[in-house]
Amino acid sequence: MAFDIGLAILVLGVAAWTIAARDTFAAVIGFVAYGLLLALVWVRLAAPDVALTEAALGSGLTGGLLLGASTRLARTQGSAAIDKPSAIIRRAAAVLCTLVSAGLGAIVLLLPEPAPTLAPQAAANLAATGLGNPVTAVLMAYRAIDTLLETVVLLLALVGIWSLAPDQLWGGLPGRRYPVDRDGVLTFVAQLLVPVGILVGIYIFWVGSIAPGGEFQGATILAAMWIFATMARLADSPAVSRRWLRLVLVVGPAVFFAIGLAGFAIAGGFLAYPEAHAKLLILTIEVPVTLSIAATLALLVGGPPERALR
Amino acid sequence: MTDATLYGLCGAALVGLGLFGLIVHPQPLRKILAFNLIGGGAFLLFGVVARRGASAGLDGDPVPQALVITGLVVAFAATALAVALLLRLFQETGRATLRSDDSQP
Amino acid sequence: MLRSSERRAAVADFLLAAAGFVLAMVALGLIRILWGPGDADRIMAAQLLGTGGIAALLLLARAMSMPAAVDVALILALLAAFISVAFVKGADRSEMDRA
Amino acid sequence: MSLALDVLTILSVSTGAFFFLAGTVGLLRFPDAFSRLHALTKADNLGLGLVVLGLLFQAGGLLAALKLVGAWLLALLAGATITQLIARTARTDRSTM
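Residue numbers (numbering that gives the first Met the number 0), protein chains in the order written: chain A, 0 to 309; chain B, 0 to 104; chain C, 0 to 98; chain D, 0 to 96.
Chain A on its own, in the form it takes in the complex (with noise of 0.2 Å):
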């Protein structure tokens, strides 16, 4: 208790700096931070699936995202200040935000006794999907067609990026081109941290069927060594109109799509799975989803086009 208490303490902190600093920099490393501290908090919350989430998207790529923008607009922090709302403004944010918290921590401590919980229905049912991890059976099986729309979410929020690009760098390269390292450390660390990544990320997507882990997790590790090899220059990103990147990206939704309307004819419903098969189906839409996945988020970090195709 006295551990829970000083990292709930500790996340508060990080949190109130994240909002009190001066410095964009600082505070995008306060959010890193607050990250970081929520996947503890996930994992004494014995949600060991939503730390890894936590630590790979909510820190990790979140973080990443937010670091490149704040350099790119460090121009600009100054300008700003005069745009601060006035005193009256702030001292009635303070109240209503105050209000709402008490709202909430009302809630939390009214919240009903016994709790509800489908925890014994996805445990009973475990079984049929072939899975040993539970959430893995929610997001696969249980409520598949939330995770099959989530997929397309990712697609439809990539569209908006792009379409952002000017018209004569439509279907150009995403980002701008990374300076090459001076001294090479950059370019050894890459070389020896990307493979292993990788491996890391088939592992975390592998055992996500019977442990903590993941499409999800493993994608997003996946999409981070991909970004990390571009900023040391190992390799670039392919322009945004390549055919065979098109194709990486819609796979994973597409194959979904279709075994779930296959679900009519096998199994009688939208993504059903007969149970012989189940786990085989899923795993069969888990590949080509983790693959798009990981494509996906590792392009909505690169942004819009913003280097004309040659």
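Keep in mind that a hint or two might mislead.
As the list claims (entries may be wrong) - Pulled a few chain A residues facing chain C out of the computed Cβ check, cut under 10 Å:
| # | residue |
| --- | --- |
| 1 | Val42 |
| 2 | Ala50 |
| 3 | Ala54 |
| 4 | Leu66 |
| 5 | Ile203 |
| 6 | Gly267 |
To be verified - Derived Cβ-Cβ restraints for the label pairs, each shown as a range:
| # | chain 1 | residue 1 | chain 2 | residue 2 | range |
| --- | --- | --- | --- | --- | --- |
| 7 | A | Gly267 | C | Arg2 | 52 to 60 Å |
| 8 | A | Ile88 | B | Thr1 | 34 to 42 Å |
| 9 | A | Leu148 | D | Leu72 | 33 to 41 Å |
If you're looking for bench data, these hints aren't it; they were derived computationally from the structure. Every residue, glycine too, gets a C-beta built ideally from N, C-alpha and C.
Chain A is fixed; fit chains B, C and D onto it per the hints.
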């Protein structure tokens, strides 16, 4: 008080803190940061519901946990879109504020 | 002589306390570093927190008998490197823009 | 036997925690970025290393032990590289002042 309740109160406070940042910060990037802080707090509230639902040999209710994983991914997509919009605004106007054009010559 | 189950619990308690201690140390270091003044100090903050977080997660994995926390630590180790490099690259690039 | 292992774990983890303390004291007391960097790397390499060593005595199997050592090696590699990059940034920071 259980650990879950403690973290639930922590989540409630985080939502308030993030909301405050969202309102008072003039820079859009700080607003995006604050939006993600709110997200973290809201997900923690789900975590409390999941932890309290521990039964049938599971340490928590897997359904809210899966919802949080979905939520984290969608929040990331929204953040990436917001950042791209902001950078494009900066490229186009040389400014990264949300003030309307007529307030400046 | 303690019974084996009691000793296991005692070791788990010790490891949990050690995790708390490491986190407290990291938090103290963070206060110093976030103050700045330079960007270098801020990258150090990320690095320090990464290491402390990894140590705390590994300790928690054993203390709570949750082997998956080791995987979280592994991811953290990878992503800490990624974040730090992104930060250094960012610092390099803003330098270039100024020139 | 397992009592001896537990004692080794406690000794090793305590020493590791001490290095985290030493690293923090260094960060708080040292005047410039380079000596702070020096203090930080002690916590990084030795503190985490000793914690991992202590936990190795408790590791259930080969894969678990490998993952522990892997996490340490990753942190070590990343730490060494990033320290180098930080020192370079700190140097350019100073030369522009």
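Inset, instruction - Sort out which numbered hints this structure fails and list those numbers smallest first. - result: 6
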